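Chains as they are written, first to last, in this note's numbering: chain B, 1 to 301; chain Y, 1 to 301; chain R, 1 to 301.
Quick caveat, the hints were computed from the structure, so don't treat them as lab data. All values derive from a computational prediction rather than experimental measurement. Certain hints may be false.
Calculated cross-link-like contacts (lysine-lysine; reagent style DSSO-like; alpha-carbon spacing at most 30 Å) [to be verified]: (1) K238(B) x K115(Y); (2) K144(Y) x K250(Y); (3) K81(R) x K247(Y); (4) K150(Y) x K161(Y); (5) K250(B) x K144(B); (6) K81(Y) x K82(B); (7) K187(B) x K252(B); (8) K250(R) x K144(R); (9) K115(R) x K253(Y); (10) K81(R) x K238(Y); (11) K250(Y) x K203(Y); (12) K252(Y) x K238(Y); (13) K187(Y) x K250(Y); (14) K247(Y) x K81(B); (15) K81(B) x K81(Y); (16) K82(R) x K187(Y); (17) K253(Y) x K150(Y); (18) K82(B) x K187(R); (19) K12(Y) x K150(Y); (20) K238(R) x K187(R); (21) K194(B) x K150(B); (22) K187(R) x K81(B); (23) K203(B) x K250(B); (24) K253(R) x K144(R); (25) K115(B) x K82(R); (26) K115(R) x K115(B); (27) K250(Y) x K238(R); (28) K82(Y) x K161(B); (29) K81(Y) x K187(B); (30) K32(Y) x K32(B); (31) K247(Y) x K115(R); (32) K253(B) x K115(Y); (33) K82(B) x K144(R); (34) K144(R) x K194(R); (35) K81(R) x K81(Y); (36) K115(Y) x K250(B); (37) K82(B) x K247(R); (38) K82(B) x K161(R); (39) K81(Y) x K238(B).
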Amino acid sequence: MRHVLSAPQFDKPELLEIMNQAADMENILTTKGFSTMAEGKILATFFYEPSTRTRLSFETAMNRLGGKVISVSDGQSSSAKKGETVEDTMQVISGYADVIAMRSSEVGFAERATKTSLVPIINGGDGPGEHPTQSLLDLYTIQKQFGLEKPLRIAFVGDLKYGRTVHSLQNLLRNFDNFSIDWVAPKELDIQDKYFNAGTDRKFTELTDEVLAEADIVYMTRIQQERFDDVAEYERLKDVFILDAAKVAKMKKEAIILHPLPRVDEIATDVDPLPQAKYFEQARNGVPVRMTLIARALEII
Amino acid sequence: MRHVLSAPQFDKPELLEIMNQAADMENILTTKGFSTMAEGKILATFFYEPSTRTRLSFETAMNRLGGKVISVSDGQSSSAKKGETVEDTMQVISGYADVIAMRSSEVGFAERATKTSLVPIINGGDGPGEHPTQSLLDLYTIQKQFGLEKPLRIAFVGDLKYGRTVHSLQNLLRNFDNFSIDWVAPKELDIQDKYFNAGTDRKFTELTDEVLAEADIVYMTRIQQERFDDVAEYERLKDVFILDAAKVAKMKKEAIILHPLPRVDEIATDVDPLPQAKYFEQARNGVPVRMTLIARALEII
Amino acid sequence: MRHVLSAPQFDKPELLEIMNQAADMENILTTKGFSTMAEGKILATFFYEPSTRTRLSFETAMNRLGGKVISVSDGQSSSAKKGETVEDTMQVISGYADVIAMRSSEVGFAERATKTSLVPIINGGDGPGEHPTQSLLDLYTIQKQFGLEKPLRIAFVGDLKYGRTVHSLQNLLRNFDNFSIDWVAPKELDIQDKYFNAGTDRKFTELTDEVLAEADIVYMTRIQQERFDDVAEYERLKDVFILDAAKVAKMKKEAIILHPLPRVDEIATDVDPLPQAKYFEQARNGVPVRMTLIARALEII
Numbered sequence: 001m002r003h004v005l006s007a008p009q010f011d012k013p014e015l016l017e018i019m020n021q022a023a024d025m026e027n028i029l030t031t032k033g034f035s036t037m038a039e040g041k042i043l044a045t046f047f048y049e050p051s052t053r054t055r056l057s058f059e060t061a062m063n064r065l066g067g068k069v070i071s072v073s074d075g076q077s078s079s080a081k082k083g084e085t086v087e088d089t090m091q092v093i094s095g096y097a098d099v100i101a102m103r104s105s106e107v108g109f110a111e112r113a114t115k116t117s118l119v120p121i122i123n124g125g126d127g128p129g130e131h132p133t134q135s136l137l138d139l140y141t142i143q144k145q146f147g148l149e150k151p152l153r154i155a156f157v158g159d160l161k162y163g164r165t166v167h168s169l170q171n172l173l174r175n176f177d178n179f180s181i182d183w184v185a186p187k188e189l190d191i192q193d194k195y196f197n198a199g200t201d202r203k204f205t206e207l208t209d210e211v212l213a214e215a216d217i218v219y220m221t222r223i224q225q226e227r228f229d230d231v232a233e234y235e236r237l238k239d240v241f242i243l244d245a246a247k248v249a250k251m252k253k254e255a256i257i258l259h260p261l262p263r264v265d266e267i268a269t270d271v272d273p274l275p276q277a278k279y280f281e282q283a284r285n286g287v288p289v290r291m292t293l294i295a296r297a298l299e300i301i
Numbered sequence: 001m002r003h004v005l006s007a008p009q010f011d012k013p014e015l016l017e018i019m020n021q022a023a024d025m026e027n028i029l030t031t032k033g034f035s036t037m038a039e040g041k042i043l044a045t046f047f048y049e050p051s052t053r054t055r056l057s058f059e060t061a062m063n064r065l066g067g068k069v070i071s072v073s074d075g076q077s078s079s080a081k082k083g084e085t086v087e088d089t090m091q092v093i094s095g096y097a098d099v100i101a102m103r104s105s106e107v108g109f110a111e112r113a114t115k116t117s118l119v120p121i122i123n124g125g126d127g128p129g130e131h132p133t134q135s136l137l138d139l140y141t142i143q144k145q146f147g148l149e150k151p152l153r154i155a156f157v158g159d160l161k162y163g164r165t166v167h168s169l170q171n172l173l174r175n176f177d178n179f180s181i182d183w184v185a186p187k188e189l190d191i192q193d194k195y196f197n198a199g200t201d202r203k204f205t206e207l208t209d210e211v212l213a214e215a216d217i218v219y220m221t222r223i224q225q226e227r228f229d230d231v232a233e234y235e236r237l238k239d240v241f242i243l244d245a246a247k248v249a250k251m252k253k254e255a256i257i258l259h260p261l262p263r264v265d266e267i268a269t270d271v272d273p274l275p276q277a278k279y280f281e282q283a284r285n286g287v288p289v290r291m292t293l294i295a296r297a298l299e300i301i
Numbered sequence: 001m002r003h004v005l006s007a008p009q010f011d012k013p014e015l016l017e018i019m020n021q022a023a024d025m026e027n028i029l030t031t032k033g034f035s036t037m038a039e040g041k042i043l044a045t046f047f048y049e050p051s052t053r054t055r056l057s058f059e060t061a062m063n064r065l066g067g068k069v070i071s072v073s074d075g076q077s078s079s080a081k082k083g084e085t086v087e088d089t090m091q092v093i094s095g096y097a098d099v100i101a102m103r104s105s106e107v108g109f110a111e112r113a114t115k116t117s118l119v120p121i122i123n124g125g126d127g128p129g130e131h132p133t134q135s136l137l138d139l140y141t142i143q144k145q146f147g148l149e150k151p152l153r154i155a156f157v158g159d160l161k162y163g164r165t166v167h168s169l170q171n172l173l174r175n176f177d178n179f180s181i182d183w184v185a186p187k188e189l190d191i192q193d194k195y196f197n198a199g200t201d202r203k204f205t206e207l208t209d210e211v212l213a214e215a216d217i218v219y220m221t222r223i224q225q226e227r228f229d230d231v232a233e234y235e236r237l238k239d240v241f242i243l244d245a246a247k248v249a250k251m252k253k254e255a256i257i258l259h260p261l262p263r264v265d266e267i268a269t270d271v272d273p274l275p276q277a278k279y280f281e282q283a284r285n286g287v288p289v290r291m292t293l294i295a296r297a298l299e300i301i
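With these hints in hand, go ahead and build the complete structure from the sequences.
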């Protein structure tokens, strides 16, 4: 079964195939607006942890494919409370639906679900673990702008220690030869060694003019106060890592700014109207990418 | 874009057009039962404040038009909690859906949403502010019974100070020449001067036989205990403003009783079987009226 | 109207008709996968008490019939809170939907709903009262395996005093001549006299080898700690009433094990791969059975 569990499961040929299929799906959206290819099929969205954006993106994708949706938007309120295991719950739900998208705060939850599920599982985020559909829509956004062949420098900025979207996206990017990575984080939130590629990568502790000027992609993430013992240190760093219009002025005209959203104040709203700001388009790209993953799971493409 | 934000946005020609279109929609419902005119389109219902009736009425309307629905029934549980602004949330959601119906407890929330939304916003109630779709279904119910040309006397009864549905409906009625209004409220909950039209309106502090006998429409609202400092005063007034079968007997046979629902005890259940009781039909009229507003927003009528 | 309120409402001819129609529905599911017979129709699922399994099963059924769904998954959060009666709520909702499936923790709630509803009500469980759709899918699972004519011995095991699914299923089985019942429960949770048929039934206080060897159907239920004053007594009994692979080895090869789910530990997971384990298939049978009940309510079969 075509489960989607983690970024490392994809190799380069499969990634290129998904990118092409997502472009086809986007073409459907911008022309007719919807398809009927999933007629009669059901997606179950099963979110043990609430998530507006990801859940609605999956449900939109299935609806645009012509399928139907059944949904649990707070898994805590039901079977889990009665002491049922995820293996049992998924065995039952997979008797109703043709594909399941799920989220949990527990690492490995989606993989546990595959043990008993009769249908493909798509991991919509398992706590600090994986969020592969986010990484794929990140990659799709990059690919739409630049393709995946010419040399590109991406700056990951903010909380690189805990940010799961950063870890998963860099994993996808390692499948391609053209990416150099600038890791930009305070020491407290530094990237782990296992993710650092000494051959092509660089490290920075501040969002410098050099980083801004050389980046093709600036991927912003939020710095969370609870990661710091020293509140004063948090306040200082938070301000240093804010991207505003003045900083964007130092970027290339054709560079792009990404963010997995929600953003709080790490990107100032004066950036929103600038041509480099692509984070809302990035969120919208979740629909064709998830249409692709659902259609692949259903084996209708 | 055809946002629906507040009752005052509508002028007489537009109101008459909406009334005619709602009648067409009701005709679809009573004959074939559904349409396919919104095939492939998606309505997002985004309710920061729970509301069974209004949310289900919108979702029914979209389903009867042949469209699909994505839904957040408790907006508090998701992006808002993570500190995301409504402007950001709506920019993302409007990348998924073709039209958004939303409710919030905060005045002006729907209008804020229009600042970034890529698709039309329909205000499903913003706290003590506006609830324009309720007013339009109220008007539709009146128009179905009487038309909008012959002289009509409407008695608004109960909490006229805080009742937003009363304020919005009177605003719509002022577009027509044929309405006289009786304002019937205890002094504590009196109508504000700005809504009183000295030329045609009258004021009463009790639901008198005169009011009952002369009204073509009695529009009941609930008196809430928390409006009163003096509990004894609340108890006395509450009873005075209850409508029961004995009082309805003093009304004209062809008069009608409306209520925005839910009712608690301000209309006794012995009124329910009487021919004047139109409040449940009024609630049902929400479906063709909201079908109309959605279809107008989608520009498919 | 074809309400579904309680197991006793069905006689033998109607049960046989439902079984045949459910088989037709299952045939639709295993061939084309879906129908369009309910096109344009709306099911409202109105759950005052959360329930993942039952709600999603109903919604799957309506989706597979080609209809649409509107849903309240926590009825407490809305009209009920504002003091509205179920009679009022249902009169409004029944103006939106063509059929309503509802659950409440209050006995008789579904029947109260029928007093004002304009459309058929299907009881999805009313607290300790009735859960007729569960009983019908239990019967369907038995009928699929054995038919409803040859002599069969069913052992009900566990909490027979409070288990509503046991009470309802035995009620359905009494319509047929071929069932003998073994009631297997600790004294504290013994079956009530009114359910005991002295002519054909037997009582046991432990899950003995004799019961296991002679049963065609073992219907397991959970023993809940809160039923016991003495914790030690609960712990002892709980273990005695656990079904594991060693006990299943004493059962007939062609016997089946049922459970209304969720199970906690009353069936050990080493039973899951055995051929007698039918409880997950039983859960899946809820879809064709509920498709049948919805289609009957809509009068489209």
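Verification of the hints:
{"no.": "1", "hint": "K238(B) x K115(Y)", "in the structure": "27 Å, holds"}
{"no.": "2", "hint": "K144(Y) x K250(Y)", "in the structure": "23 Å, holds"}
{"no.": "3", "hint": "K81(R) x K247(Y)", "in the structure": "29 Å, holds"}
{"no.": "4", "hint": "K150(Y) x K161(Y)", "in the structure": "28 Å, holds"}
{"no.": "5", "hint": "K250(B) x K144(B)", "in the structure": "23 Å, holds"}
{"no.": "6", "hint": "K81(Y) x K82(B)", "in the structure": "27 Å, holds"}
{"no.": "7", "hint": "K187(B) x K252(B)", "in the structure": "27 Å, holds"}
{"no.": "8", "hint": "K250(R) x K144(R)", "in the structure": "23 Å, holds"}
{"no.": "9", "hint": "K115(R) x K253(Y)", "in the structure": "26 Å, holds"}
{"no.": "10", "hint": "K81(R) x K238(Y)", "in the structure": "20 Å, holds"}
{"no.": "11", "hint": "K250(Y) x K203(Y)", "in the structure": "19 Å, holds"}
{"no.": "12", "hint": "K252(Y) x K238(Y)", "in the structure": "24 Å, holds"}
{"no.": "13", "hint": "K187(Y) x K250(Y)", "in the structure": "24 Å, holds"}
{"no.": "14", "hint": "K247(Y) x K81(B)", "in the structure": "50 Å, violated"}
{"no.": "15", "hint": "K81(B) x K81(Y)", "in the structure": "23 Å, holds"}
{"no.": "16", "hint": "K82(R) x K187(Y)", "in the structure": "25 Å, holds"}
{"no.": "17", "hint": "K253(Y) x K150(Y)", "in the structure": "17 Å, holds"}
{"no.": "18", "hint": "K82(B) x K187(R)", "in the structure": "25 Å, holds"}
{"no.": "19", "hint": "K12(Y) x K150(Y)", "in the structure": "15 Å, holds"}
{"no.": "20", "hint": "K238(R) x K187(R)", "in the structure": "13 Å, holds"}
{"no.": "21", "hint": "K194(B) x K150(B)", "in the structure": "25 Å, holds"}
{"no.": "22", "hint": "K187(R) x K81(B)", "in the structure": "28 Å, holds"}
{"no.": "23", "hint": "K203(B) x K250(B)", "in the structure": "19 Å, holds"}
{"no.": "24", "hint": "K253(R) x K144(R)", "in the structure": "16 Å, holds"}
{"no.": "25", "hint": "K115(B) x K82(R)", "in the structure": "44 Å, violated"}
{"no.": "26", "hint": "K115(R) x K115(B)", "in the structure": "46 Å, violated"}
{"no.": "27", "hint": "K250(Y) x K238(R)", "in the structure": "67 Å, violated"}
{"no.": "28", "hint": "K82(Y) x K161(B)", "in the structure": "20 Å, holds"}
{"no.": "29", "hint": "K81(Y) x K187(B)", "in the structure": "28 Å, holds"}
{"no.": "30", "hint": "K32(Y) x K32(B)", "in the structure": "26 Å, holds"}
{"no.": "31", "hint": "K247(Y) x K115(R)", "in the structure": "25 Å, holds"}
{"no.": "32", "hint": "K253(B) x K115(Y)", "in the structure": "26 Å, holds"}
{"no.": "33", "hint": "K82(B) x K144(R)", "in the structure": "29 Å, holds"}
{"no.": "34", "hint": "K144(R) x K194(R)", "in the structure": "29 Å, holds"}
{"no.": "35", "hint": "K81(R) x K81(Y)", "in the structure": "23 Å, holds"}
{"no.": "36", "hint": "K115(Y) x K250(B)", "in the structure": "28 Å, holds"}
{"no.": "37", "hint": "K82(B) x K247(R)", "in the structure": "25 Å, holds"}
{"no.": "38", "hint": "K82(B) x K161(R)", "in the structure": "20 Å, holds"}
{"no.": "39", "hint": "K81(Y) x K238(B)", "in the structure": "20 Å, holds"}
Comparing the model with each earlier hint shows violations of hints 14, 25, 26, 27; every other hint is respected.
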